[in-house]
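Visitor: So you can see what is in the structure, the chains are spelled out below.
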Amino acid sequence: MPEWLLKDENYIPQSDKDAFITKSIMTLLGVLSRIRAQSVYKEKKFKVSAALKVAFTFVLILLISISKSIAFTIIINVYLLAVLSMMNGEEIIKILKVSIVTSAFTFVILLPAAFWGNLFSSIFITSKVFATVTAVNMLSHSTRWNSITSALKRFYVPDIFILVMDITIKYIFMLGEFSLNMFYALKLRSVGKNKSKYTSLSGIAGTMFIKSNEMAEDMYSAMECRGFTGEYQVINKKYKMTFPDFVYIIMNIALILIFIYMERV
Amino acid sequence: MHIPDNYLSPSTCAVMGAVMVPIWAVSVRKVKKEISKVKVPLLGVGASFSFLMMMFNVPVPGGTTAHAVGGTLIAVLLGPFAACISVTVALLIQALLFGDGGILSFGANCFNMAFVLPFLGYFIYKFIKDRVNSEKGEYLALIIGSYIGINFAAFCAAVEFGIQPLLFKNAAGQPLYSPYPLSVSIPAMTLPHLLVAGVVEAVFTVAIFSFIKKVSPGTIYEGAKKKTKAIYGLIVALICLTPIGLLAAGTAWGEWGADEISSVETGGNALGFVPAGMKNGFNFSALMSDYGIKGLPDAAGYILSAIAGVVILLIVFKIIGSLKKNKAGNISG
Chain Z
0 MPEWLLKDEN YIPQSDKDAF ITKSIMTLLG VLSRIRAQSV YKEKKFKVSA
50 ALKVAFTFVL ILLISISKSI AFTIIINVYL LAVLSMMNGE EIIKILKVSI
100 VTSAFTFVIL LPAAFWGNLF SSIFITSKVF ATVTAVNMLS HSTRWNSITS
150 ALKRFYVPDI FILVMDITIK YIFMLGEFSL NMFYALKLRS VGKNKSKYTS
200 LSGIAGTMFI KSNEMAEDMY SAMECRGFTG EYQVINKKYK MTFPDFVYII
250 MNIALILIFI YMERV
Chain P
0 MHIPDNYLSP STCAVMGAVM VPIWAVSVRK VKKEISKVKV PLLGVGASFS
50 FLMMMFNVPV PGGTTAHAVG GTLIAVLLGP FAACISVTVA LLIQALLFGD
100 GGILSFGANC FNMAFVLPFL GYFIYKFIKD RVNSEKGEYL ALIIGSYIGI
150 NFAAFCAAVE FGIQPLLFKN AAGQPLYSPY PLSVSIPAMT LPHLLVAGVV
200 EAVFTVAIFS FIKKVSPGTI YEGAKKKTKA IYGLIVALIC LTPIGLLAAG
250 TAWGEWGADE ISSVETGGNA LGFVPAGMKN GFNFSALMSD YGIKGLPDAA
300 GYILSAIAGV VILLIVFKII GSLKKNKAGN ISG
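Note that the protein sequences, when read in sequence, are chains Z and P.
Under numbering that gives the first Met the number 0, think of the first position of the first sequence as 0, with each following residue one higher.
Under numbering that gives the first Met the number 0, think of the first position of the second sequence as 0, with each following residue one higher.
If you are wondering where the hints come from, they were derived from the structure by calculation, not from laboratory data.
All clues stand as given, with none of them false.
Heads up, simulated BS3-like pairs for lysine-lysine below, C-alpha to C-alpha not over 27 Å straight-line:
| # | chain 1 | residue 1 | chain 2 | residue 2 |
| --- | --- | --- | --- | --- |
| 1 | P | Lys31 | Z | Lys152 |
| 2 | P | Lys32 | Z | Lys152 |
| 3 | P | Lys212 | Z | Lys210 |
| 4 | P | Lys212 | P | Lys135 |
| 5 | Z | Lys210 | P | Lys32 |
| 6 | Z | Lys186 | Z | Lys196 |
| 7 | Z | Lys16 | Z | Lys192 |
| 8 | P | Lys212 | Z | Lys196 |
| 9 | Z | Lys169 | Z | Lys210 |
| 10 | Z | Lys210 | Z | Lys194 |
| 11 | P | Lys31 | Z | Lys210 |
| 12 | Z | Lys152 | P | Lys29 |
| 13 | Z | Lys196 | Z | Lys16 |
| 14 | Z | Lys16 | Z | Lys194 |
| 15 | Z | Lys46 | Z | Lys169 |
| 16 | Z | Lys186 | Z | Lys210 |
| 17 | Z | Lys194 | P | Lys135 |
| 18 | Z | Lys186 | Z | Lys169 |
| 19 | P | Lys128 | P | Lys32 |
| 20 | Z | Lys210 | Z | Lys196 |
| 21 | Z | Lys210 | P | Lys29 |
| 22 | P | Lys212 | Z | Lys186 |
| 23 | Z | Lys169 | P | Lys32 |
| 24 | Z | Lys169 | P | Lys29 |
| 25 | P | Lys213 | Z | Lys196 |
| 26 | Z | Lys210 | P | Lys213 |
| 27 | Z | Lys186 | Z | Lys16 |
| 28 | P | Lys213 | P | Lys128 |
| 29 | P | Lys212 | Z | Lys194 |
| 30 | P | Lys213 | Z | Lys192 |
| 31 | Z | Lys186 | P | Lys213 |
| 32 | P | Lys213 | Z | Lys194 |
| 33 | P | Lys31 | Z | Lys169 |
| 34 | Z | Lys22 | Z | Lys96 |
| 35 | P | Lys135 | Z | Lys196 |
| 36 | Z | Lys192 | Z | Lys6 |
| 37 | Z | Lys67 | P | Lys168 |
In isolation and in its complexed conformation, chain P is listed as follows (with noise of 0.2 Å):
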């Protein structure tokens, strides 16, 4: 699911990147609170422990091998806020120093890997354990959250290739990126996953659960259970925060060229250069807003879809919440 660069357009990658950023911004916040103290090492084990994680290759029927993601493995060893940081690390090593998963479209790997697979598998898991309160509940609970987990990751996946041919053609109107269609890319990317990959991410998280719960039941992430409501509302705040991110898509770019130059700048005594470098900055930036001007439709349905993505998600997240009132009535009813 590591998508490379060049699959992706560059403002899909930016807006991916922008929308990340508040959401590494609370898990940031949420872990320095929750873990009492600043236990940074057990972040950078954190993501060694995720990142050895692909390395495991679980044996398929049919004599091949495959590997499991195990993000919400994570996010049920770990919390959900730290097994963000962690995939986003140890996604960050694998993109800058073994090439593997692009160095732009991090942010949307991130946005499938890091939020997507851990926080819906362990909501699912937390939703579904809060309310069975048996072994075979909680077991049952983390089969329907990875399972779910990683092919709702595949699938956001899918979309994110699937609305490039839509928005970027070229003047003969050929695609310029990923050249598949939402009615190609989606059963390519999700029929994998969910007759292969997530079963083998079930079968995964619930053997190294299960064996780790029986030897150190101690080390298992516990989720406070009266905290869940706040977490939920978190969620829906960051689905509202994420239009916003979408909106400011436009000065990230300007933000990132502010960036590059002062960065030119602090690169110490080679002030010969910096104008140089600034005035490259400033055409990159003119061309970059050309070509939203004089692609305005092409922008236009971009940022519908992206509209849709996020209504998408909420409708999603909005679901479950209901449902999860729902029982709650049914309960105090």
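For reference, chain Z alone in the conformation it holds in the complex (with noise of 0.2 Å):
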């Protein structure tokens, strides 16, 4: 064994500021997770088709914003808990968490105005930014991105649209491993003062763009090799009515009604 190796060494690296790749790769590891639960989703036993409730949400997000009764915002509120009590633990812990911090943060950008004597709108907004981004999170925790993407199709969105979200939703992830992997070596890389870490940051994303060319022709020609045409057709399912979605369109018709009878002045 060389005389070096059996050497005490006591090496103590420069502290560095690496905080911003360390939020980086938090940032993407949010994203991808997000998108990997997606995967191992379980089909529930009571399932509202996916069409239904995007249509309903999208309702229920114009009937929050033009509604002026603060009494109809929280009635959706309560509603909207309820819906929410329904479902897992986790998924509601990840619902919160983002409804409360995103209503926290309007509650404190309207604070000046309160004090300019505006209390009653910073309340109403806030409660209404509250029930608006947890309605958007329920949607989409509780159905499989590819079924809302499909979804649209039933709303005449065009199927080339459909087809780059599906691609998009795809590549995020790829590309998202891709560039997290490159955080780590930097991460890993850097031990000490490393002053080049700024550039290299600018290294990953170039390196992210030369690759995304580079994957969306091998996809391309692997479509074309398969018999893509530019043309693209989405395979409608004949769409059976379940008990769930009653009950579904019942709760959302009582919501319209009760918007109809608080906003009739």
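Two independent chains are provided; combine them into the complex using the hints.
Guide: See the structure below:
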């Protein structure tokens, strides 16, 4: 064994700031885990069709937005929390985290307005924001993303947009993992002071672009080889109304009626 | 700069959405024409690139981090029309699946970040680059383009916020949506962008662009030089079209109702529910038109300020256009 291997070394690396790498890694990991959670998604017993969910979530957001009565907003919030309480704990935490952070942010932004005597609108808008963010996140957490995109098909969103969206989600994952690995490499190799860390960041982003270009070309050739001509068709399954669908529709129609009742002034 | 729901009134959102429709239509057509074959995958991958771009945290003096939008960079790399579609899809995924940015305010967000930011950034870049034929000029063009692009997008968002309290109040005179007038919203939005975000965006854009140029110069989008005039014409045409979109905002509501109803119909064998859905739909639009008539002065003021916004845009582009003409005149004369 060589002599130098046996010697004790007390090398203490100089501390350096790398908060931005850690933060980038955390953001990327958050996105990737959201997408990864899709693949282990379990089929629920009481499943409402995605098309209905998308349509009524949109209607609900519209109602919240045009509503002028705080009572209606409170009713919607209670309704959403009630539906939320039927989801499992992990999902509830994830959804509430986003809604609470967003509405707290909104409240802070509107705080100066409250001091100017607009306390009403500060509370009103904060509760509206809470409701809309919760509604969207409930949709996104309780439905497989590919059924959301195929639900868009029912609303006559052009095929090309649906295809592009599907590809995008897939490639966010692939390119995300790719750049995540580069971030890990940068973090691991930056022992002590590393002055070129900032330039490496642009290197990562640049490499991601070059890689994405290559991937797009590969994907196009692969699709062409399989007979893709640029036309894209979605197989429209015959749609059957289920019992949960009926319950869902009735609940939402009830909400719309409440809205009409509350807003007739 | 992602505007969540309920900061803007639904009618503002409708107008912004209506403005975006012709822009999307033109972009899709342009992309199909420019990219010889239907390279749909490129759009998807471009969208995921622009989505991930916003995940990159850049250190900011003072110990915190910020993220760049990268709109100008994507426009320079993929071309402005492809950038418009890519950023739109990225924003849609953020709104629909990640709850970042509103569903109703999607049109407004697209207007700021998928239209104003990449197009303005790109054309300023192109304008300077075509005149200064040196590498330094190109980087200067990139810096100015991305800096102005993001700041103008922030300004647009500020205007959208700022007109809300002027137009939408309840009976007690309290604002229903964003309560800050233009005098507050413009400095609040533009100052951080002028001082921090704009600088981050410019540095990030130049750093990545120079990296790609060094490593793989062939992949950067090359807008044909002689085409610029046609593109300017197109931009002017687009701006002329926007007031039409504005006027059509009323019909957009009606159209929406019709769409909604037909989607209920295609919903399958739930025929028993269609009348209920239709009834609600009609009540709905009746409510909306009521609102419009009741608040006629409000609506008029609203349209007025929307026109003012378009006119300001027009003036900016006109100034750019006339600068270009003057320069061209100087060179020929």
